[in-house]
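*Asks:* As a plain string of letters, each chain reads:
Number of protein chains: 2
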Amino acid sequence: MIDKNALLEEITRLVVTELKEQNVTVSTKQQKSYVPVSISARHIHLQRDHLDALFGKGYQLTKHKDISQPGQWACNEKVTIQGPKGKIENVRVLSPLREATQVEVASSDARKLGLEPPVRSSGNLTGSAPITIIGPKGTIQLQEGCIIADRHIHMTPQDAMEFGVRDKQKVSVKVPGGKGGLMGEVTIRVRHNYALDMHIDTDDANAFGLSGNEQLQIIPD
Amino acid sequence: MIDKNALLEEITRLVVTELKEQNVTVSTKQQKSYVPVSISARHIHLQRDHLDALFGKGYQLTKHKDISQPGQWACNEKVTIQGPKGKIENVRVLSPLREATQVEVASSDARKLGLEPPVRSSGNLTGSAPITIIGPKGTIQLQEGCIIADRHIHMTPQDAMEFGVRDKQKVSVKVPGGKGGLMGEVTIRVRHNYALDMHIDTDDANAFGLSGNEQLQIIPD
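Chains as they are written, first to last, in my numbering: chain L, 213 to 433; chain A, 213 to 433.
Hint data in this document are derived by calculation from the structure and do not stem from the laboratory. The structure presented is a predicted model; accordingly, all values stated were derived computationally and were not measured. Watch out, some of these pointers could steer you wrong.
You can't tell identical chains apart in this list, so a pair holds if it fits in one copy or across any two.
Calculated lysine-lysine pairs in the DSSO-like style (CA-CA distance at most 27 Å, straight line) [what the hints assert, rightly or not]:
#1 K290 with K269
#2 K275 with K349
#3 K232 with K380
#4 K380 with K324
#5 K349 with K232
#6 K275 with K386
#7 K244 with K269
#8 K216 with K275
#9 K297 with K232
#10 K277 with K297
#11 K297 with K244
#12 K216 with K297
#13 K386 with K349
#14 K232 with K386
#15 K349 with K277
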């Protein structure tokens with residue numbers, strides 16, 4: 213005679229034990245998971261009056277080359293950025309102009325400048341690091357505006373659906389190779405006019421042995 | 213009347229489905245998992261005849277300071293390393309002398325030098341990158357000897373037992389914070405006279421926001 217409840221409990225226990233011992237991992241539904249990666253060198257976004265101050269009243273930026281996001285380009289114009297411990301020359305300006313000037317550096321740059329910028333998403337500048345910017349026609353001193361950009365992935369709402377992620381979600385991204393691993397704290401950024409592209413800084417590229425254009429796999433956290 | 217076999221199958225299926233849906237993760241036995249991390253700047257280990265060639269016949273290295281591994285120290289002596297695209301000055305010599313000269317650089321250094329060294333464990337130099345070393349008394353040109361050191365963790369056999377790992381095993385190491393993630397391909401290196409310490413290069417430190425002395429968690433691959 214079988215005691216059904218006792219049997220149920222016994223079997224459940226056995227199955228769970230077996231699954232644990234076999235370190236079962238759960239595979240989820242197939243969906244898109246690979247994204248191309250681009251490496252962002254240190255750069256600066258300018259607001260109108262700062263462009264005036266650095267390059268002259270009414271100055272118009274000129275295109276060096278397109279970058280991965282539609283309507284954005286790297287300019288021919290460059291500035292020098294300076295902190296308490298040092299300066300870095302030839303920092304490229306990106307177009308278009310922004311509401312607030314933003315300097316994006318890698319951690320190694322920050323060390324050279326003597327700054328400790330927070331890791332932030334673009335546009336989130338409150339309490340970010342102070343920095344001095346030197347252009348051909350003038351110098352400006354910002355109380356805040358310098359950040360280490362977070363790792364992030366641009367995508368459209370359609371992409372987000374196909375990847376099974378949402379705007380502002382944090383994911384990890386798997387990197388193969390001898391210096392591989394998982395890049396954590398990667399922010400998903402969804403907008404209709406974004407092109408699918410992951411952006412990392414030069415420190416990440418060096419640490420993970422990436423040269424750009426690799427296809428990397430998103431792993432939801 | 214209960215069909216025992218059918219019941220077993222049905223229950224097993226239900227339990228596994230439930231576990232999958234709940235994304236059950238399996239916790240393993242408690243064991244040691246945290247290691248301190250040190251950041252290795254570019255440096256060089258010299259063989260006897262190369263020390264002679266660079267600093268003069270019979271030259272004795274002098275101690276700058278102890279480093280984490282017993283019997284090893286950073287020397288006062290420095291050299292310049294040179295590749296096809298550039299050179300880097302003030303590269304510190306480590307003591308003791310080795311069987312074969314070995315230059316350890318970060319990926320960002322390699323870019324500056326114009327070299328493409330492989331990611332290798334210390335001592336594994338076959339087919340590694342050529343490099344020129346310049347000392348106060350002479351210059352040597354190596355056909356091989358320059359590597360990007362793999363991420364690795366020194367430990368004793370006792371440590372290895374307590375961490376549940378073995379010599380040459382690859383593990384991942386978790387890094388918290390805004391530039392956190394999982395450092396992959398970290399080699400366990402076991403020897404009786406090792407002190408427990410993880411070694412990463414300056415690129416890794418910059419990319420992961422580490423300044424040294426943090427305690428990081430080993431995650432078996």
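*Asks:* Now tell me, hint by hint, if it's right for this structure.
*Replies:* Here is how each hint holds up against the structure:
1. K290 with K269: Answer is within: at 17 Å inside a copy they meet the 27 Å cutoff, but 50 Å across does not.
2. K275 with K349: within (19 Å within a copy, 50 Å between copies)
3. K232 with K380: between (33 Å within a copy, 26 Å between copies)
4. K380 with K324: Intra 31 Å, inter 36 Å, cutoff 27 Å: neither.
5. K349 with K232: neither (67 Å within a copy, 62 Å between copies)
6. K275 with K386: Answer is neither: 34 Å inside a copy and 41 Å across each miss the 27 Å cutoff.
7. K244 with K269: neither (47 Å within a copy, 63 Å between copies)
8. K216 with K275: Classified as neither: same-chain Cα gap 75 Å, cross-chain 75 Å, threshold 27 Å.
9. K297 with K232: neither (53 Å within a copy, 53 Å between copies)
10. K277 with K297: Answer is between: at 26 Å across copies they meet the 27 Å cutoff, but 32 Å inside does not.
11. K297 with K244: Classified as neither: same-chain Cα gap 45 Å, cross-chain 40 Å, threshold 27 Å.
12. K216 with K297: neither (75 Å within a copy, 76 Å between copies)
13. K386 with K349: Cα proximity of K386 and K349: none, with 44 Å in one copy and 47 Å across.
14. K232 with K386: Both, since 24 Å and 22 Å are each at most 27 Å.
15. K349 with K277: Intra 24 Å, inter 48 Å, cutoff 27 Å: intra-copy only.
In terms of the numbered hints stated before, the structure departs from hints 4, 5, 6, 7, 8, 9, 11, 12, 13, listed from lowest to highest.
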